[in-house]
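Q: Dock chain B against the given chain A, drawing on the hints supplied.
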Amino acid sequence: MNPNSSIAQVSDLAFQATMAAYLVALVCLGIELAAKRRAPTELEAVSAARRVAAKSGLLVGSGAGAANTAGIAGTAATAGSTPSGSADVTVTSGQQPPTAAQTQGPAQPPSWSERFGRAAMVVTVVGLVANLISIVTRGIAAGRLPLANVYEFSAAFCFVAVLCWVVLAAKTKARGLGLFVLTPVTLLAFLAGTVLWQKAGPVVASLNSYWKWIHVTTVSISGSVLLVSGAASVMYLLRHRYDRKVTEHPDDVDLANSLPGKLPSLQLLDKIAYRTAIVAFPLYTFAIIAGALWAEVAWGRYWSWDPKETVAFISWVFYAGYLHARHTSGWRGVRAAWVNIVGFAAIIFNLFFINYVVTGLHSYAS
Amino acid sequence: MTITDAPGRTTGATPRPPAKPGKVRATLQFLRNVWRGLTSMRTALILLFLLALASLPGALLPQWDNGREKTQAYLDEHTTWGPLLNKLGFFDVFASPWYSAIYLLLFISLIGCVLPRSVDFARQLRAKPVRTPRNLARMPLSTEYRVDTDPEATADRVEQQLRQRHWRVLRSAEPATAGGYTVSAEKGYLREFGNLVFHFSLIGLLGAVATGALFGYSGSRLIGTGESYCSSVASYDTFRAGITVDGTDLTPFCVQLDKLTAQFSPEGMATGFQADVQYQANPQQPGDAWQRTTIEVNEPLRLNGQRLYLMGHGYAPELKVTWPNGQTRDVTSNFISNDASLLSTGAVKIPDPPGVPADQNSTKQLAIAGLFAPTAVVQGGIMTSVFPQATAPGLAVKIYRGDLGVNSGVPQSVYAIDQGQVDAGKLKEIKEVNLMVGQRTTLDDGTTIEFTGYRNWAALQTSYDPGQFWALVFAVLLLGGLMISLIIKRRRVWFRITPIGADNGPDAGAGGAGRSLVSVGGLARTDQAGYGAEFDTVARLAGPAVPDPATEAAASTATSPEHSQQAESAAAPAVPGTERRRRQRAGLGDPAQPERESDE
Chain A
1 MNPNSSIAQV SDLAFQATMA AYLVALVCLG IELAAKRRAP TELEAVSAAR RVAAKSGLLV
61 GSGAGAANTA GIAGTAATAG STPSGSADVT VTSGQQPPTA AQTQGPAQPP SWSERFGRAA
121 MVVTVVGLVA NLISIVTRGI AAGRLPLANV YEFSAAFCFV AVLCWVVLAA KTKARGLGLF
181 VLTPVTLLAF LAGTVLWQKA GPVVASLNSY WKWIHVTTVS ISGSVLLVSG AASVMYLLRH
241 RYDRKVTEHP DDVDLANSLP GKLPSLQLLD KIAYRTAIVA FPLYTFAIIA GALWAEVAWG
301 RYWSWDPKET VAFISWVFYA GYLHARHTSG WRGVRAAWVN IVGFAAIIFN LFFINYVVTG
361 LHSYAS
Chain B
1 MTITDAPGRT TGATPRPPAK PGKVRATLQF LRNVWRGLTS MRTALILLFL LALASLPGAL
61 LPQWDNGREK TQAYLDEHTT WGPLLNKLGF FDVFASPWYS AIYLLLFISL IGCVLPRSVD
121 FARQLRAKPV RTPRNLARMP LSTEYRVDTD PEATADRVEQ QLRQRHWRVL RSAEPATAGG
181 YTVSAEKGYL REFGNLVFHF SLIGLLGAVA TGALFGYSGS RLIGTGESYC SSVASYDTFR
241 AGITVDGTDL TPFCVQLDKL TAQFSPEGMA TGFQADVQYQ ANPQQPGDAW QRTTIEVNEP
301 LRLNGQRLYL MGHGYAPELK VTWPNGQTRD VTSNFISNDA SLLSTGAVKI PDPPGVPADQ
361 NSTKQLAIAG LFAPTAVVQG GIMTSVFPQA TAPGLAVKIY RGDLGVNSGV PQSVYAIDQG
421 QVDAGKLKEI KEVNLMVGQR TTLDDGTTIE FTGYRNWAAL QTSYDPGQFW ALVFAVLLLG
481 GLMISLIIKR RRVWFRITPI GADNGPDAGA GGAGRSLVSV GGLARTDQAG YGAEFDTVAR
541 LAGPAVPDPA TEAAASTATS PEHSQQAESA AAPAVPGTER RRRQRAGLGD PAQPERESDE
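Heads up: the protein sequence lines correspond to chains A and B, in order. The first sequence begins at 1 in full-length UniProt numbering and counts up by one. The second sequence begins at 1 in full-length UniProt numbering and counts up by one.
Everything labelled a hint here was simulated from the structure, so no lab data went into it. Check the hints yourself; a few may be wrong.
Once the Cα atoms are required to be at most 25 Å apart in a straight line, the calculated DMTMM-like pairs of lysine to aspartate or glutamate come out as [as the list claims (entries may be wrong)]:
(1) B:Lys-87 / B:Asp-120
(2) A:Lys-171 / B:Asp-536
(3) B:Lys-320 / B:Asp-258
(4) A:Lys-173 / B:Glu-534
Listing some non-contacts, in silico: residues in chain B with all C-beta distances to chain A over 10 Å [what the hints assert, rightly or not]:
(5) Arg-25
(6) Gly-58
(7) Gln-63
(8) Asp-120
(9) Arg-134
(10) Gln-161
(11) Gly-272
(12) Tyr-279
(13) Gly-326
(14) Asp-352
(15) Ala-369
(16) Asp-465
Ideal placement from N, C-alpha and C gives every residue a C-beta, glycine not left out.
Just chain A, same shape as in the assembly (with noise of 0.2 Å):
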């Protein structure tokens, strides 16, 4: 018992580390937003663009480029004379390569910006490797899979989750996506580090199964990268409303220059949005099919529409409505993104009101 209770307060002091880091990452990546410089983005110069093209009275909605991407983003770009349609003309920007802007500039220093960024993705994969110490340790210590209660799903949830936005930040160079991440995610490792902590010990008779490994962490994987897809269409939405808001002001400067502007691209959200949730969704499938299939081994039914197989049932059904929605026309865009949206809270909602709240064959927690 001995080497195991120290093996754990390794885990307990790494999983403090992860949250520290977390916390300094998401404090550098807020930095870097409020003091992104303004000039050389390509964003920054469509929107000035438009600006200066409103001013002359011109349409925006100019040219098949804008008629290409605009389908991508949303409301169909015939529409330019509408305001939302020529909120989406910003994504014409898209047909440069967003890193543009990032592989033009390396001769100057980078400025504060740019450092607190990198320092922020530092931090980030420092928490990351201490979030991975925690959760391996604490499953020595335990000796099972560290994923038997709220606190451990939520320690193997927040590591996913920025995981899969360290991979996606490595592959489009959009750290923004990272505020939007690491906030939820925070959040929740600091819940996790205090409310939600127990001590490390075995697991009721029901859960010694090799299921556990199967159904748990396939759970835990599609619903950080859900996570990630939520985000990028929490921002999505932000971003949207700021395009439509600069076009219907052209000349507020203060606006132009505010911090939803400084987003990604909604082009390039929209496709992080989709891309992760095309990963996770088939991943959520298998994980609830793998815990019907534990469910008939160990509660004698295979669906019983047990409160969390219910709201699993639920996340489900709106994540398939939103892969239906992306290519269904007055749906695509904003919708899309509000029912990507609600079912990542669907998915929160099961992890824990369900857990806590309501009683049912998952309770395990308590």
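A: Chain B in isolation, oriented as in the chain A frame:
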């Protein structure tokens, strides 16, 4: 679920003047509109969200199906709107008419969408790839280069290579250019196949669930060590029957509990429990021997479609009652617990004390009701249990004598006495006592009750669901179809191969004998493509590119206007040789361009 508005079919019918302004026609029109509305994607989406919304009370309110006691408690607590909710089916959401209405409409919508799509798909499978568009440079992916072989050989090579890569290929002569060829190819039909499999599996899954609800059943009972029972409706404490099940034709099997063992962590958490049983899978067949096995949590016993589960365990105190006339009887009863320390409650009832005439029965019946503590600790006269294992069993009970009310015909709980009988004064409490194993107590009439020990009981559940195998099959198909439809993309590639120099009239032989200009265009029909890398490979299938002398480019700009397209694209490149343009490269490095159509 398609969203094509498909105005073609309606417009075909309307111009014809109505011969009779019949109601039939109007009705048909109406029905057709309803059908179109129902099967449209927007309706399906709304039904989908309604389904999610309607499921919510199933998670937030207690359900009869999952927790009778909790639902009853909720009803008792909320007397104003509880009964109303009950009447509206909010405590039985998944069997309620409104819930059924939503999912049935959704499935009708789904069928109405998937069937025409299957027909379309079957047609597509036989259709040839789309003809090569005029201007390949307008495609989201395009490239152009020159090769050192003549158009025919180049086209042969392209066709053969594409076929090898399982593209569906159509090769034809280029009408605009003598000696030119076009090759159009398409791939990724599996996407739509996966999509259809996914949607059909949903229907299959619903069928499997319905089968279970119609023909399945489950029953549960507590069984003490040494006891046995044979499966029939009467043998269960609770029996949940499917809609068509009347319980007369259960496949019988017999089971006997030999031993129950349980393991606990030092904190008192049950980490495992096992029931050693003997069973007869087919007792009606002569010579069917008893077999031994162990049932555990997560490891049910499977007997030709029926499954036997160990759901819980507990204790039954054993008592020895000695009446004043010297007659004795060993009595026991299962005590149940909601407590981690297995502090259990129950009642031992003796409705027929020996030596008592039947007419005096109603005054001499005995009941011993109260608590059983597996590891008993008594503090200030109150007994609690500190550990779930039976290391120091104690019994804290009240003893009653009188009329138990068991003969009144009203069923009563086996775990408690009827409080109504006590309140009516028919059943009197005569003693309250704490006993440890081996201790005895003597009643006012000389009857002694000795706490001799305990035995374990197991909660067993029999389940039968003929649909569950099919549910698994369809769930696996559903997942496979989903993954196929999300991973595979439908994509097209076109090659236009024209002879170099052919346009140049007399100079034909001089500049480019046996050489070809290859224009390639590519299009992925869905936006999550990542088609770029594959296109780069496929586009080079015509052979190695050869440099294009600037003079040649200059010459071709001055050619006849009917070939201006090739001329235009040949003149454009700044880099000699291979010119490759890629439009709209954005986001995750992916040349995504959605075609204006839906395929979800």
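Q: Does Asp-352 (chain B) clear chain A by more than 10 Å, comparing its Cβ with all Cβ atoms of that chain?
A: Label holds. Min Cβ-Cβ 36 Å, cutoff 10 Å.
Q: Measuring Cβ to Cβ, find out whether Gly-326 (chain B) lies farther than 10 Å from everything in chain A.
A: 46 Å, holds
Q: Just double-check Arg-25 (chain B) for me: nearest Cβ-Cβ distance to chain A has to come out over 10 Å.
A: Answer for Arg-25 (chain B): holds, closest chain A Cβ roughly 30 Å.
Q: Can the restraint linking Lys-87 (chain B) and Asp-120 (chain B) be considered satisfied, given a maximum Cα separation of 25 Å?
A: Cα-Cα ~46 Å, so violated.
Q: Over 10 Å from every CB of chain A: does Gln-161 (chain B) meet that, or does the non-interface label fail?
A: Check passes; 30 Å lies beyond 10 Å.
Q: Quick one: work out the minimum CB distance from Tyr-279 (chain B) to chain A and report holds if it exceeds 10 Å, violated otherwise.
A: 17 Å, holds
Q: Does Ala-369 (chain B) clear chain A by more than 10 Å, comparing its Cβ with all Cβ atoms of that chain?
A: For Ala-369 (chain B), whose nearest Cβ neighbour in chain A is about 27 Å away, the distance exceeds 10 Å, so it holds.
Q: Over 10 Å from every CB of chain A: does Arg-134 (chain B) meet that, or does the non-interface label fail?
A: Check passes; 16 Å lies beyond 10 Å.
Q: Is the straight-line distance between the alpha-carbon of Lys-171 (chain A) and that of Asp-536 (chain B) 25 Å or less?
A: The hint holds at about 21 Å.
Q: Is it correct that the beta-carbon of Gln-63 (chain B) has no partner in chain A closer than or equal to 10 Å?
A: Since the minimum Cβ distance to chain A is about 7 Å, Gln-63 (chain B) lies within 10 Å and the statement is violated.
Q: Does the claim that Asp-120 (chain B) lies outside the interface with chain A hold up, using a Cβ gap greater than 10 Å?
A: Holds, because the least Cβ-Cβ distance between Asp-120 (chain B) and chain A comes to about 16 Å, which exceeds 10 Å.
Q: Keeping to a limit of 25 Å between CA atoms, is the pair of Lys-320 (chain B) and Asp-258 (chain B) held or broken?
A: Holds - the C-alpha atoms of Asp-258 (chain B) and Lys-320 (chain B) are around 22 Å apart, at most 25 Å.
Hints 1, 6, 7, 11 and 16 from the list above are not met by this structure, while the remaining hints are.
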